[in-house]
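Given these sequences and hints, build the entire structure.
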Amino acid sequence: MALPRVHAVVVGSGAGGGVAACVLAEAGLSVVVLEKGRWHSPFEERKDDLVNQRNASLGLAYGPDADKNPRVFVDPSGRERVVYPKDGAYQANASCVGGGTVSYGGQAWRYMPQDFRMRSTYGTTPGSTLEDWPISYLDMEPYYEKAEYEIGVSGDVEPNPFKGPRRRPLPMPPLHPKPREHEILRPAALRLGLHPFDTPLLINSVPRDGRSACMRIRWCVGFACETNAKNGSQNTVIPRALATGHARLQTECKVKEILVDARGRATGVVYFDENDRLQEQPADVVVVSGGATESARLLLVSKSRLHPNGLGNRHDWVGRNLNGHTYTGAVGFFDREIYDDIGPGVCISVCDYNHGTPGLAGGGMLANEFIRLPYQFSNDQPPGTPSWGKAHKDFMRRYYRRNMMIQGPTQDIPTWDGRVELDPRVKDHWGTPVLRISGDKHAHTVEIGNRQAERAEAWLKEAGAILTYQRRAGRGVTGHQHQSGTCRMGNDPKTSVVDASCRIHDVPNVFVIDASVHVTNGGFNPVLTIFANAFRASDLLVKAWKGGGLKG
Amino acid sequence: MDDPYAVDRRAFLKSGATAAAATAVACGAPKSRWRALSEDDARTLGAACDGIIPPDEDPGAVQAGVVSFIDRQLATRQKKALGDWRAGLRGLDAAARRRQGKPFADLPVEAQTALLADAEKGHGEKADWGDVDPAAFFRLLREHTMMGFYGDPRHGGNRDRAAWRMLGVPDPPIRGRLHESPATAPAASRKS
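Residue numbers (this note's numbering), protein chains in the order written: chain A, 11 to 562; chain B, 59 to 250.
Do not rely on the hints blindly, as some may be mistaken.
Covered by chain A, according to a simulated footprint, are these stretches of chain B (three or more residues, beta-carbon under 8 Å) [unchecked claim]:
| hint | stretch |
| --- | --- |
| 1 | 111 to 121 |
| 2 | 211 to 225 |
Residues of chain A placed beyond 12 Å of chain B at every Cβ, according to the derived structure [what the hints assert, rightly or not]:
| hint | residue |
| --- | --- |
| 3 | 49 |
| 4 | 315 |
| 5 | 552 |
In case anyone wonders, no lab produced these hints; they're calculated from the structure.
Treat the numbers as computed from the prediction; the structure is a model and nothing was measured.
Cβ coordinates follow ideal geometry from the N, Cα and C atoms, glycine included.
Pasting the structure below:
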């Protein structure tokens, strides 16, 4: 028997779903949020350097479940294997209330104006699906500001001459005190003619919104914050949604499919509840916010007479253009102490290399890295360094406290073949088809990624490194925490999945609100853009909502 | 020390010897004090781990509890890996007996290191290793030793935070401590 009907059902509670739930509920709609994972209270956190989202040697701390959701990974040479979440090939993003925003590092980047116009800026790139967004930076600007103020960002981006226009500064100053890496890397960048500035972070530098300021502990990226100073969906927009009194959050619920009526419109969803019982949740509007891999899966699995290939998939675009970022950079070793135990680590960045390299499309931001924990560092040595025995131990003693790493997310050039689709054989715990991930990087991405590694190395050398090595681009499609692109936004229904308001072209009451809709993913961590676009799309949804129904 | 499975290096070696003697007398496998490993396998493992992270002025892998760590993983989260571990340890030990006439654990450190270096390169006789790929076993050994040595002590390794002390990583973390007193803190965090 179906549950009582609601105005909107939101699938997922991360950066996209959290904002959608909040905006819709505050506009007076009744909302049910279905989240596959569970709550993680910051006060019960006991950080574990072998069990977290950054290092899953013994497991992931915030999901997805270790066994219930396998996937099939096809490597660039065509070999396939079944993978589980702690395997890097799985391309996992966290699965819990708040999604990836519970345990992210929280870099809060606005994309640059060119990032919304990649094709117009650089022309077509053979073998890629490079395209412009149907909206511009200026369309997003007010919502970037809203995200910065309503979720909470610290930092100082004013010295960055490459940024798009903005009306207000960030709401919080940079974290204080500044780590030693900042003291060393800033003058080195200036000597190179670069334009360094304090990295924007979704972390409180001052008490704000009833929560404390950051206590600068070393375990940051990959972990929940035990003092709740890291701002995510779970401690901002989700509580606001629930405070309205007409939003409900159901955890450990796995959505099976979106239901569609004879006219081809969605009527709600069916899901497996925490006891694996099937439930039907009727709704006027369905918002899909499961992240780029799982949102695509949900659309693909929701087949019906009018949508035989899945929702929004009339032209085979759902699941295509999967991309995260190609991380490249360099590590530098010094003859003096660098380590000062002041987290989170990342504090200084440059945008000199995001655009404007002759002959290459895009690029990426470079910043110093989060504090690397000893186990991580033990696998992080220059090629040729002994990886075991006394020489290894000597290396660790000499350099753990005397190194810095600079890296950045190179903008991936999207491809038609970098994709997720339904695997024809493997099923998950609930008997539904799992994702099959395949594809490779565009050669252009590798080229510019390697250029970024050389630039990072030059910065470290200028800072006085006595030994450096580059971390160059590997092969394979990217996804992971920055996964995007699988339900592309566009004006032409033949070459995109959703329109500029994030509504599926031929299913007017289903919205996709997460990084799936990103046409390209910038040379930046994508989360602020996910938050901002969610505020924008949810506003449009509310405007289209009139007296208990959706127009159009 | 709250880990009932923890033993120090000396007691570990001594009990290994006692257990070996007991085996000789009783002609039966001694009851293992480990959760997943047999006494013999644990003894080979300890020697191999100490090859990966040898004791010197700072503790080596065994003293830091890496054998406890691996044993605990094989009894809990990584039960599936137990077969690979056993086969690999027996391969290593068989190679030692054939080439040096002694169990791996009884060889001098230089000979142990040479055998490990061969395994790392994938060198090994089929008669010793059977279907085990020595290089794959070496990767498993190195990876788990690093986890047990540098990882969180709650998993049974990094006993007394030996690795963190070695690296001068303050514990517990306190905001801005090093920034306010950069000269003294690393030294203070080391065992005197």
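Now for the hints, and whether the structure bears them out:
By the rule of at least three residues with a Cβ nearer than 8 Å to a Cβ of chain A, the coverage given for the stretch 111 to 121 of chain B holds, with 4 such residues. Taking a C-beta to C-beta cut-off of 8 Å, the stretch 211 to 225 of chain B contributes 6 residues in contact with chain A, enough for the three needed, and the coverage statement holds. No beta-carbon of chain B comes within 12 Å of the beta-carbon of residue 49/A; the shortest separation is about 22 Å. Every C-beta of chain B lies more than 12 Å from that of residue 315/A, the closest at about 44 Å, which supports listing it as non-interface.
Look at residue 552/A: its CB is around 42 Å from the nearest CB on chain B, clear of 12 Å, so calling it non-interface holds up.
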